[in-house]
Amino acid sequence: MKPLDFMFQTLLAELGQQLADVAPTNWPLSSRVVPVTVRGAKYWYLDDKGTRTYLGPASDADLTQRVEAFQREKDGYRQRKRLVATLVRQAYLPTVPADNAAQVRALPSGSVIDGDVAYLVYSGLLGMRLPPLQRDPVLETTEEPFLVEERVRGILLADGGIGVLVPDPARWGVWQRERGNARGEVVLRAMEAVRMGYEIEAAEEAYGVYVKAGSRSSSGP
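Its first residue numbered 0, the sequence shown is counted upward by one per residue in numbering that gives the first Met the number 0.
Treat the hints loosely; a few may be bogus.
Now the in silico label distances, taken between C-beta atoms and shown as ranges [to be verified]:
1. 177 x 96: 26 to 36 Å
2. 61 x 21: 14 to 24 Å
3. 96 x 1: 19 to 29 Å
4. 16 x 204: 30 to 40 Å
5. 196 x 1: 18 to 28 Å
6. 191 x 49: 48 to 58 Å
7. 37 x 133: 51 to 61 Å
8. 37 x 74: 20 to 30 Å
9. 47 x 204: 34 to 44 Å
FYI, nobody ran anything at the bench for these hints, they're computed from the structure.
Glycine residues also receive a C-beta, built at the ideal position from the N, C-alpha and C atoms.
Take these sequences, add in the hints, and give me the full structure.
Right, here's the structure in full:
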């Protein structure tokens, strides 16, 4: 494990800020809005995956404002893609295949990501290059109370960056370690390396309380 250079940590922070500022768009960022002039009048059309759809006349002020906002967001999207490419190629941070990225985008709002993909997110979150997975990641989500009650925002380095929710790394590390998953220990060691021992102690204490509460519940009155 190696800590990230300060420059790459700064790029991660910039990417996170840009993702936080992203406004909802009317159309897919993979598409483009093009003007078409017919008999001297301009109209807006949407080109998406080989299909052209009529949007309306450029004389429609509200529509034209939405087109301009969409173009600004596409500019931001291209910039975020460049940041992601730099972090993956130069900082050697992990990414995921396109199908994983699509699955993440399709998750319901508020979903908390677990497993392989959460592990990949922790590299950027902790500013450490964690050992890579030895297989293609499998997307999992969790509703486990111990994990979801302390969730944090992270970035999945795919496409133009995807903002995600993952369990607090200390809680995730303790949870995985107690289940014999070596990656939990890896995350905890990374946290110790960046002087987050207090967070680990708090997670271990919370886990002890959680286990005792579960034992009392299962034993009945």
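We went through each hint and held it up to the structure:
1. A beta carbon spacing of about 30 Å between residue 177 and residue 96 agrees with the range 26 to 36 Å that was offered as a hint.
2. For the pair residue 61 and residue 21, the supplied restraint of 14 to 24 Å holds, since their beta-carbon distance comes to about 21 Å.
3. Separated by about 24 Å at the C-beta atoms, residue 96 and residue 1 satisfy the suggested range of 19 to 29 Å.
4. One distance hint, 30 to 40 Å for the beta-carbon pair residue 16 and residue 204, holds here, with the actual separation near 33 Å.
5. Residue 196 and residue 1 have their C-beta atoms about 19 Å apart, which keeps the hinted 18 to 28 Å range intact.
6. Between residue 191 and residue 49 the CB atoms are about 52 Å apart, so this pair conforms to the stated range of 48 to 58 Å.
7. Range check, residue 37 to residue 133: Cβ separation about 57 Å, and the 51 to 61 Å hint holds.
8. Judged by the Cβ atoms, the range 20 to 30 Å given for residue 37 and residue 74 holds: they are separated by roughly 27 Å.
9. About 51 Å separates the C-beta atoms of residue 47 and residue 204, a value inconsistent with the hinted range of 34 to 44 Å.
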